[in-house]
Amino acid sequence: MLSIMPKVEEKLEKRYTGGLSRRARITRNLTLIIPATILALMVIVAIFANLSWLGLPNIGLAPHDPTTGVITDRFLPPSFMEGGKSEYLLGTDRLGRDVLSRVIYGTRVSLSISLLVIFITAFIGTVLGIISGYLGGRIDGFLMRATDMALSFPGILLALLLAVSLGPSYWTVVLALSILGWAPYTRMVRGEALKLSEADFVAQARIIGTPPIRIMVRHIFPNVINSLVIMMTLSVGMIILMESTLSYLGVGITAPTASWGNMVADGRSYLDTAWWIAAFPGIAIGLVVMSGNFLGDWLRDRLDPRLRQV
Amino acid sequence: MSKVLLQVEDLHTFFFTRKGVVKAVDGISFHVDEGETFGLVGESACGKTVTALSIIRLLPEPAGKVVEGKIILDGVNLLELDKNEMRRYRGSEISMILQDPMTSLNPVYTVGNQIAEAVRLHQGLRDEKVNEEVISALRLLQIPSPEVILGDYPFQLSGGMRQRVVGAIAMSCHPRLLIADEPTTALDATIQAQYMALFKDVQAKTNVSIIFITHDFGIVSSMCHRVAVMYAGKILETATTREIFKTPKHPYTSALMQSVPHLDQKGGRLYSIEGQPPSLLNLPAGCRFASRCPVVKPVCREEEPPEVQVSKGHFVSCWKVK
Chain A
12 MLSIMPKVEE KLEKRYTGGL SRRARITRNL TLIIPATILA LMVIVAIFAN
62 LSWLGLPNIG LAPHDPTTGV ITDRFLPPSF MEGGKSEYLL GTDRLGRDVL
112 SRVIYGTRVS LSISLLVIFI TAFIGTVLGI ISGYLGGRID GFLMRATDMA
162 LSFPGILLAL LLAVSLGPSY WTVVLALSIL GWAPYTRMVR GEALKLSEAD
212 FVAQARIIGT PPIRIMVRHI FPNVINSLVI MMTLSVGMII LMESTLSYLG
262 VGITAPTASW GNMVADGRSY LDTAWWIAAF PGIAIGLVVM SGNFLGDWLR
312 DRLDPRLRQV
Chain B
189 MSKVLLQVED LHTFFFTRKG VVKAVDGISF HVDEGETFGL VGESACGKTV
239 TALSIIRLLP EPAGKVVEGK IILDGVNLLE LDKNEMRRYR GSEISMILQD
289 PMTSLNPVYT VGNQIAEAVR LHQGLRDEKV NEEVISALRL LQIPSPEVIL
339 GDYPFQLSGG MRQRVVGAIA MSCHPRLLIA DEPTTALDAT IQAQYMALFK
389 DVQAKTNVSI IFITHDFGIV SSMCHRVAVM YAGKILETAT TREIFKTPKH
439 PYTSALMQSV PHLDQKGGRL YSIEGQPPSL LNLPAGCRFA SRCPVVKPVC
489 REEEPPEVQV SKGHFVSCWK VK
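Quick note, the sequences are listed as chains A and B, same order. Per my numbering, the first sequence starts with residue 12, numbered consecutively. Per my numbering, the second sequence starts with residue 189, numbered consecutively.
If you are wondering where the hints come from, they were derived from the structure by calculation, not from laboratory data. Everything numeric in this text was worked out from a predicted model, so none of it was measured. Here a beta-carbon is modelled for each residue, glycine too, at the ideal position from N, C-alpha and C. Any given hint could be a false lead.
[Said to hold, decoys possible] When the alpha-carbon atoms are kept at most 27 Å apart in a straight line, the in silico BS3-like pairs for lysine-lysine are as follows:
id, chain 1, residue 1, chain 2, residue 2
1, B, LYS211, B, LYS508
2, B, LYS434, B, LYS454
3, A, LYS206, B, LYS271
4, A, LYS206, B, LYS207
[Said to hold, decoys possible] Computed list of chain A residues with no C-beta within reach of chain B, every gap over 12 Å:
id, residue
5, THR48
6, VAL56
7, PHE86
8, PHE130
9, ILE135
10, LEU207
11, ALA214
12, PRO222
13, THR265
14, ARG279
15, ALA285
16, ASN304
17, PHE305
Please take these sequences and the hints and turn them into a complete structure.
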């Protein structure tokens with residue numbers, strides 16, 4: 012009886028004092044390791060698609076030029092399938108361009124656009140949301156009506172308008188997605204800030220004479236981060252899809268340049284005969300979205316001091 | 189006779205709501221001496237907290253407003269200060285402790301960090317100096333091993349410990365007036381007693397004046413030098429604690445005291461005051477307590493009783509008292 016006591020105690024101690032078993036620690040960190048690896052690989056792939064930025068345009072990870080195809084090699088299936096050629100690992104599209112190379116180059120466009128748009132919109136949305144929620148009154152009324160307008164405005168229409176006046180380009184896409192994209196953030200952050208501005212610890216901060224700006228930055232913002240991060244990671248997929256819509260309408264990333272969105276749009280008409288054209292960029296989109304969500308979860312746990320302790 | 193620190197004169201604080209004007213504080217006057225603990229007693233919704241918020245000027249705007257009166261802290265009328273001047277007063281001259289220690293600390297910062305914020309804001313000190321001040325504030329509130337506690341997050345501390353931390357934040361910039369809004373209500377009885385002893389100790393060390401808001405006469409008897417009894421936005425009786433316990437003059441004061449349970453009283457029902465306080469939206473003519481008063485006279489329902497001095501420092505507003 013006595014001899015087993017230390018073991019039990021040790022187990023209990025491990026359980027309750029934060030000494031997690033090795034397996035538990037690894038599974039917990041899988042939500043970091045997997046998405047971080049995927050995203051890191053994608054970033055590396057995007058950077059080393061070719062080395063033209065080092066003055067070496069012919070060396071890189073992409074086996075072919077993404078924009079020129081061999082017309083006799085069109086609609087070739089992936090190399091592991093019957094009829095595939097070994098030089099086209101993931102097959103070719105309707106113009107005989109290598110799908111793998113296009114997915115690799117598309118990473119550059121899709122990742123950079125979504126990251127850029129997310130940070131721009133989240134930044135604007137957070138600033139406006141905190142101001143609106145904390146200061147209230149007339150400022151709140153004005154900002155919320157502006158948000159209503161942004162939310163009710165058809166985004167595609169505005170994007171078309173922008174494309175017509177500015178011409179379709181990378182920056183047009185960023186602008187078109189950012190110009191209305193801040194509104195959901197503002198709405199969400201404003202709600203949180205409003206709730207927090209009634210919190211006792213904010214009252215306590217006022218009691219010791221903290222200026223309003225400091226309260227917003229130090230007391231409201233850190234308590235909004237959790238929801239913000241979740242919303243940011245969830246919007247990765249949405250932005251990639253919106254970019255593809257714009258590309259499909261011809262106002263986004265235009266023809267020969269590859270983006271995941273326009274590849275999916277391109278391959279849609281051949282889904283029954285050449286599924287690989289749309290499927291591989293689709294898988295890439297899925298991986299990014301999933302990694303974003305996992306990373307968001309992990310980050311949320313890290314940011315909560317309650318969970319950080321264990 | 190010690191020096192007067194805070195003088196509140198004829199304070200009227202109203203809330204302008206859709207239903208009408210709520211006269212939360214309707215003409216009260218009192219003073220607090222240096223190093224004194226002044227009790228503000230009354231049932232809930234009688235205007236105790238609104239009085240406190242009026243003094244520290246943190247009423248929920250734009251609904252709540254001080255319409256009339258003066259709040260003079262050491263010669264300065266707080267109501268005449270502009271926003272920035274008032275902000276500098278908060279924390280360094282006047283501070284306040286809220287009721288619920290579980291929610292009055294920011295969950296994302298360590299204890300040390302939160303105390304340091306007040307110190308940085310008001311004293312403009314360097315990092316090592318800030319740390320010293322933080323530790324001395326924690327020491328003042330008798331927090332064991334302050335060097336360890338300051339690295340802790342609020343959720344790691346017990347309720348009593350959190351309330352001490354809140355106290356340390358409030359005292360960190362050496363205010364001259366501390367408003368404690370039912371700071372012990374959320375604590376259990378033994379911790380309550382500890383906390384009150386702590387307050388006395390803090391006061392002895394710093395000579396801070398305390399306005400102690402409570403509904404508990406038990407706390408008043410052990411904490412306060414003088415007391416004001418509030419009812420429906422008015423002060424009905426002001427006296428020293430000793431005097432008010434010995435000779436309560438206002439029927440409401442005696443009724444309140446009778447409704448406190450005593451250990452030596454066995455059996456029987458606890459006394460309670462019949463009825464409800466009047467609506468602050470629609471106050472009756474005459475004395476506010478008339479509808480619940482056991483010794484009501486016809487004049488009570490017609491005219492408000494004037495404040496009468498019955499002995500030195502003992503004021504009562506009641507027709508019964510001549």
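Hint by hint, here is what the structure shows:
Distance check on the hinted pair: LYS211(B) and LYS508(B) sit about 25 Å apart at the alpha-carbon level, within 27 Å; holds. For the given pair, LYS434(B) sits about 22 Å from LYS454(B) by alpha-carbon distance, which is consistent with the 27 Å threshold. Among the hinted pairs, LYS206(A) with LYS271(B) is consistent with the structure: their alpha-carbon atoms are about 24 Å apart, no more than 27 Å. Of the pairs offered as hints, the one joining LYS206(A) and LYS207(B) holds, with about 24 Å between alpha carbons and a cut-off of 27 Å not exceeded.
For THR48(A), the requirement that its beta carbon stay farther than 12 Å from each beta carbon of chain B is met, with the minimum near 29 Å. Once the 12 Å rule is applied to beta carbons, VAL56(A) is consistent with being away from chain B; the minimum gap is 36 Å. The claim that PHE86(A) is not at the interface with chain B holds, since no C-beta of that chain comes within 12 Å of its own (minimum 56 Å). Chain B leaves PHE130(A) outside its interface by the beta-carbon criterion, the shortest separation being 22 Å against a cut-off of 12 Å.
No Cβ of chain B comes within 12 Å of the Cβ of ILE135(A); the nearest lies about 23 Å off, and the non-interface call holds. Against chain B, the non-interface label of LEU207(A) is violated: not every CB pair exceeds 12 Å, the least being about 10 Å. Non-interface call for ALA214(A) relative to chain B: violated, since the shortest CB-CB distance, roughly 6 Å, does not exceed 12 Å. At roughly 6 Å, the least C-beta separation between PRO222(A) and chain B is not larger than 12 Å, which violates its mark as non-interface.
At roughly 46 Å from the closest C-beta of chain B, the C-beta of THR265(A) stays outside 12 Å, upholding its exclusion from the interface. Every Cβ of chain B is farther than 12 Å from the Cβ of ARG279(A); the closest lies at roughly 46 Å, confirming the non-interface assignment. For ALA285(A), the requirement that its beta carbon stay farther than 12 Å from each beta carbon of chain B is met, with the minimum near 52 Å. The Cβ of ASN304(A) lies farther than 12 Å from every Cβ of chain B, with a closest approach of about 23 Å, so its non-interface assignment holds.
Distance check for PHE305(A) against chain B: the nearest CB is about 23 Å away, which clears 12 Å, and the non-interface claim stands.
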